[in-house]
Structure formats: structure tokens, C-alpha cells
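Please put together the full structure from these sequences, using the hints given.
Quick mapping for you: the protein sequence lines, in order, are chains A and B. For the first sequence, the working numbering assigns the number 1 to the initial residue and increments by one for each residue that follows. For the second sequence, the working numbering assigns the number 337 to the initial residue and increments by one for each residue that follows.
Think of the hints as simulated: they come from the structure by calculation, not from any bench. Among the clues, some could well be false.
[To be verified] No more than 30 Å apart at the CA atoms, straight line, and that leaves these computed lysine-lysine pairs for BS3-like:
{"id": "1", "chain 1": "A", "residue 1": "K28", "chain 2": "B", "residue 2": "K357"}
{"id": "2", "chain 1": "A", "residue 1": "K129", "chain 2": "B", "residue 2": "K357"}
{"id": "3", "chain 1": "B", "residue 1": "K658", "chain 2": "A", "residue 2": "K270"}
{"id": "4", "chain 1": "A", "residue 1": "K10", "chain 2": "A", "residue 2": "K171"}
{"id": "5", "chain 1": "B", "residue 1": "K458", "chain 2": "A", "residue 2": "K28"}
[Stated by the list, open to error] From chain A, some residues computed to sit far from chain B (all C-beta separations above 12 Å):
{"id": "6", "residue": "F11"}
{"id": "7", "residue": "A12"}
{"id": "8", "residue": "L46"}
{"id": "9", "residue": "G72"}
{"id": "10", "residue": "E75"}
{"id": "11", "residue": "D108"}
{"id": "12", "residue": "L156"}
{"id": "13", "residue": "E189"}
{"id": "14", "residue": "E199"}
{"id": "15", "residue": "P216"}
{"id": "16", "residue": "G235"}
{"id": "17", "residue": "C237"}
{"id": "18", "residue": "L256"}
{"id": "19", "residue": "N294"}
What you are looking at is a predicted structure, and each value in this text was computed from that prediction instead of being measured. Where a beta carbon is used, it is the ideal one built from N, C-alpha and C, also for glycine.
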Amino acid sequence: MDMKKVRKEKFADFLATLAEQKLYAPQKVGESLRFAPVTDSGKVELEMSNTTVPPKSVFFPQTETLYRYEVGNTEIQQPAMGGVDIVLGVRPCDARAQVIVDSLFGWDYNDPYYQERRKATVVGLACNKPCVNCFCLSLGGGPASTVGLDLLMTDLGDAYLLQPLTEKGEKLLALAGETVETAAAGDREAAESLHGQAEQMITRKVETAGVAEKLPGLWEHSLWQETANSCLGCGICTFLCPTCHCFDIQDEVEGLEGRRCRMWDSCMFKEYTLHASGHNPRPTRRERTRNRINHKYSYFVQKFGHTACVGCGRCINYCPVNIDLVEILRQVKEAL
Amino acid sequence: MVNVDKLKEIARETISRDDVKYLIGWRQGTYGFRAAPYFMSTPEEAEELIFSPLCTNNLATYLTLAEKLPVPRGQEPDSRKVALLVKGCDSRAVVQQLVEQGISRERVLVIGCPCRGVIDQKKVEAKFPDVREAVSAVWDGDTVVFNLPGGSVAVPRQEVLAGKCLTCRYPNPVIADVTVWEEVAVWGSDDYVDVRELEAGSPQQRWGFWEEKFASCMRCYSCRNVCPMCYCEDCVLDRLNPQWIMRSVNTAENTAFHLARAFHLAGRCIECGECERVCPVDIPLMKLNRKLTKEVRDKYAYEPGVDPEAKPLQASYRPDDKEDFIL
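So this is what it looks like as C-alpha cells:
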């Protein structure tokens, strides 16, 4: 497939060719960066390390109305599904994470809300400058990984190289018309060199081999209590994780109008496993911390064949008490 | 002068006592300009203790955050003390918890560390981006010295200290069983410039300011969980019946959450600033809390967390109060 490039001065025009479609891209919301519908191409923020909130929030919104009803009436109204055509500016780690989440939402029940949005074209943005806590290389990814992407953009300084990877990616480029031009051989080499340099910058590493098999044997190990001691039990690590996908379903009724919603939930919350009887099988943060690591590095591996972590580093970057996943995995490896 | 060797010595003595369960302090973090809360239970572990401009976390929150499982039949509950390192601001949380009877005095051993101000991690990372290695720091006169991989760099305190430290009036612990080194001279004063700036705006401007901030909230509850004064066992946010605040994340419910929390902190917030520090989407929560602190100060001449003998503001009553506002 032919590579194209778009000069930065033409980038707004390039985005304008997609104006007919529902486009999501990183933008500042309050003081944070997250994916939001593009209404003004000037607000699209691609000069970033990564968004605070991963693009899972587009495919799997934090709060989603599944249907509406009127109290006393058995009819339900389903909201329109879809609403996403293109998601642009996705870092390769987050694109891989979405493929991991796909295994859950397409497993015992094919979730129509999620699947409809997953039809969107995903445009990736290679990392020229990984963050200090990135460890994607250890999990089979990389700063220019193409898994889960339809098109990969690489920032060449004055232009973005556009590498189509699927038919959907080709289609998007066909729409772009005159705003893009054919990439020269030098552009491709420049991009490859940038990808190589970015890999060199990633210094954090974890060894995942054998972890899934070892974790069940460490059930009563002291490392869980030691980690949980400082844990606040907040939802930062799970909400900002691009692979965490747990949700709660609640009915919210105002007057006679009701809606059944699903919203992100977190295994780090006490209420997450609280039974109606009052019993809680994960009564303290020790059990909840243990579950977070086991779910990512053991249960998910056993069920779906891959780790539910892509090494994006968000849980480390944002943890208020410096609980460090790389450090926990090192302790798991060393534990006897 | 900060003397970490003396701190380690006191920690070793403390943890060797039979009536102390564990000691909570700080140690160097795993990367960059981070310190991490450190729970130690043996004298040997004291070697890792630090006290430096990196020690931002208010450890007093762990006094009320500790989860207690039911004691098995035939066993006695563990009534040993928890030893806690505190900066000046942290110590105010201990006082307020005592005032509210959230903790009992005989269960806590307070080790006071007079402090010269801690860093704002974001300010430091803006100055020294992409530092992967763990960097230690020390106070030196009017500077903070960072021991970067390429060599030490001194930065004026004004440029790297957290905002709360620049106006700090309580650098010395207001309660302590032992104070590790001599007290420092108070450098700050606080006339609520940040609150006044916001108050100057019209109601529309003020709502515009907060609406955008609240809209970005994810309801991860890190602000509540890190708060040493948010320790209700049954938090109004977690209630399902009645459900005062819905779990849907939208501007209306998020606003209800933040305002409910702010009101519950009126006359209780000791301004450690932890809520604002930990917020992953940078909501300036201290502007909200400090607005109420200012109201409480102006209307009731009350300051929480400074006097262990004080009565809680919302639970005190004066018979000679005229109450002429009622009629």
C-alpha cells in the first residue's frame, strides 16, 4: 500500500476532508488530555506524550445508557448505536490495548454497543518520544506497533507520514485528496529511523515469561500486603488503564424517567465485590491489589492467551503513592 | 537542620518498642522526583527512610485508612500504636482527627519533622523532563538541590515548591511526641489571594470556571481516598439506597460530588493539598476547599487542626449565641 504524507500546514485541510464523519481526536478537556469529538481542528492536540484518559473511553464510554424506560411501562427505547467513524491520534500501545479488550466484549456475549463503535477507523500516531515509564517493548508492542491500527502516522517534524495498513486506512486516504502527497523514499527512511530511536529510549523492562504460571503460587505472599499498605484504594490505575474494562450496571430513575446505564467500575473499590449479604470476598486492599495484578497477568492470560497490559505506564505515572507495576512484577519474578 | 541519621535512629528505637505495630515514613520512589509512603516494622528497614523536599504524601491519612478485619473469636484485637512521621501540615490532620475522635491519642505515636517545604512534582518535571532515574533532593539554604544523573543542580525554592508551601504558616508540627530536629522559622503568610481572585468574578464566570473542571472529573475518588479528613466508614458517595449521588459520570453528578465533599470539609480541611496533588485530571480542588476555609475563618474565627483541645466547629454550640439570623 502506498504511503502518503501530509504537511503540517495542510493538516487542518486534511482534517476538513473528514468533516462529514464523526471524528475523535486528543483534545484538552479541563486540564487533561482525552479523546473528544472534533468540532474545531485547531484544538486537536498531537504534540503530546499520550492522553491522560486512554481512547477506550471512545469505544467503551465511562457512562453509557443502554436503554431508557418510563416507570410502570414495559417498553424500552434503545439509543442510537455507533456514533464514531474515525479515532485519530491513538498511540500504538492504546491500539493494542483495544484489541485486548475486544476479546472480552466479543467473548460469551457479543456486545453490540461496543462492536458498533469498533467499526471505526483507527488512525495511530507513532511515539517519537516515549515517556519515562513506558515498557511496551516488554509486552510485544513498540513505539510504532501497527496492531489494531488502520493507518499509522509518524511525525516527521514538518509533516506526518501516513502509512495505510488496512482497506479502511486506504479509504481514509482516498478521501484526503489533494491535502496529502505521495511520500518520498527518504520520508519512509526518516520514519524508520525515528521508530528505531524511540525504541532505544524505552529503558523500563519487565519479564513476563512464567509470570502467569507463577502468580497462583504466590497467593499468600507478603508482597501483596506490602503493596497494599500504601494503596489508597482509588480508581486511578484502573480507570486510566487502556485494558481495564470492568463495569457496573445501574438503573437511574428521575421522576418517572428511568435509564439503565453501565459505567466503569474498579476492582480497587471496596464495593466492587461487596455481596448483598454484607460479605466481601475481597475485604481489604491486600486482596484487591492481588486481584488487579492476577487479573492482568494470570487470569486473562489463561482465558484469552494474552496479558491484559500493554506497558503504557499510566498506572505508574498517575499513582499518588508510587505503586509501580514494573516493581511489583520484579518482586513476583524474585519471589520464592 | 534536617538530620536523616537522627531520624533513622529514632525510627529504629521506636520500632523496637513492643507497643509499636509499625512505623509509617517515606522512602525514595522508583523513578524521577518521587517519594513513596513506607511502612516499616523492623529496625533494619529504617535504613531506607528519607526526609527531603520529595516527601509530599500526607501520611496521616493511613491512620484512618487502615482496614480492620473482624477479630477471630478467642483473639485479642491488636492495640499496639502506629508510629507516624509528620510534616507541619500533616500534623494538623492528626490534630483534627483527634478533635473529631476519629483516632485515639494512645494509639498513635507522632514523630515530628519540621519541614522547609515540599516540591510540586509537575513544576520539577517541567524543569527536568524525562528523568527516568530516581533522583534524591535536599534543602540547601534558599534552594532545593536535585541530585540528577548528570550532576547536582540547585534550584530556588520559589520555583519548585508546592503552592501550599509558599504560603505555609505551619512548617513545624503542631503535635508531636518527639521532634527530630529543631524547629524552622516560619516564612509564609496567607491572605487567600487565590480565593479572592476567583471571588472577584461574576457568578457566571465562576460557574464557567468550575463547570469545565467538574466536567473532566472521572470520579476515581482519589481526592476522597487520599484525604486524611475523609474517613467516614459509610461514605455518602457509596450509598445505593438512598443514592444521593448517581454513579453516572456527568457534569451535574460530578458537581454534586465535589460540592458535597467540600461542604463536608468545611471547618475540617487542614489544607495539606493532597486532593489537588493526586487528581489525575488536575482539578484545582484546593480553591474550593480554601473558599470554605476562608468563610469559616471570617465568620467563626475558627481554624481546624491546630488545637487538640478544640471542639469540632460543626459540633460546638454557645448558649450565648444570639442566633438573631434565625428570625
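Cross-check of the supplied hints:
1. K28(A) x K357(B): violated, 46 Å
2. K129(A) x K357(B): violated, 45 Å
3. K658(B) x K270(A): violated, 45 Å
4. K10(A) x K171(A): Holds: K10(A) and K171(A) sit about 19 Å apart, inside 30 Å.
5. K458(B) x K28(A): With Cα atoms ~17 Å apart, K458(B) and K28(A) stay inside 30 Å; holds.
6. F11: holds, 25 Å
7. A12: holds, 24 Å
8. L46: holds, 18 Å
9. G72: holds, 20 Å
10. E75: Correct as stated: the minimum Cβ-Cβ distance to chain B is 22 Å, above 12 Å.
11. D108: Holds: least Cβ distance 24 Å, greater than 12 Å.
12. L156: Answer for L156(A): holds, closest chain B Cβ roughly 21 Å.
13. E189: holds, 26 Å
14. E199: Holds, because the least Cβ-Cβ distance between E199(A) and chain B comes to about 15 Å, which exceeds 12 Å.
15. P216: holds, 23 Å
16. G235: violated, 4 Å
17. C237: violated, 9 Å
18. L256: At about 16 Å from chain B, L256(A) clears the 12 Å cut-off, so the statement holds.
19. N294: Non-interface label stands for N294(A): nearest chain B Cβ at 19 Å, farther than 12 Å.
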